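Colleague: Take these sequences, add in the hints, and give me the full structure.
Per my numbering, the sequence shown starts with residue 1, numbered consecutively.
Worth double-checking, as some hints may not be accurate.
What the hints assert, rightly or not - Computed Cβ-Cβ distance ranges for the label pairs, DEER-style:
#1 G55 <-> L35: 29 to 35 Å
#2 A78 <-> P31: 45 to 51 Å
#3 G18 <-> V43: 17 to 23 Å
Hints are computed from structural coordinates only; laboratory data are not their basis.
Computed from a predicted model, the values in this text were never measured in an experiment.
Each residue gets a CB set at the ideal place from its N, CA and C atoms; glycine is no exception.
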Amino acid sequence: MAATTTDTGYGDWEDLVGAALLGTERRQGSPEALLGAAAVQTVRRRAGLRPAEAGPRPDPAPRDPRPAPPAAARRRLAQLLA
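Modeller: Right, dumping it as structure tokens:
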């Protein structure tokens, strides 16, 4: 079972930032616990955000002037991508 942020000695986001900036030598938790707690807090912070509105679509790419590849190359590519 994974340790919670209170088990590792890193409570809230400010505690995590302080430990990351000042080091873990004077803290109860280990560096690995700091990384784990930071990952949990990051997911929690992101989970509450709403997605941003979509930006404008990019313009279509210009047509490729090169000739189409031979049939054998197209078949190989289709097999690789299948």
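Colleague: Please go over all the hints and tell whether each is borne out by the structure.
Modeller: Structure-based check of all given hints:
no. : hint                    : verdict
1   : G55 <-> L35: 29 to 35 Å : holds, 32 Å
2   : A78 <-> P31: 45 to 51 Å : holds, 48 Å
3   : G18 <-> V43: 17 to 23 Å : holds, 20 Å
In this structure, none of the earlier numbered hints is contradicted; all agree with it.
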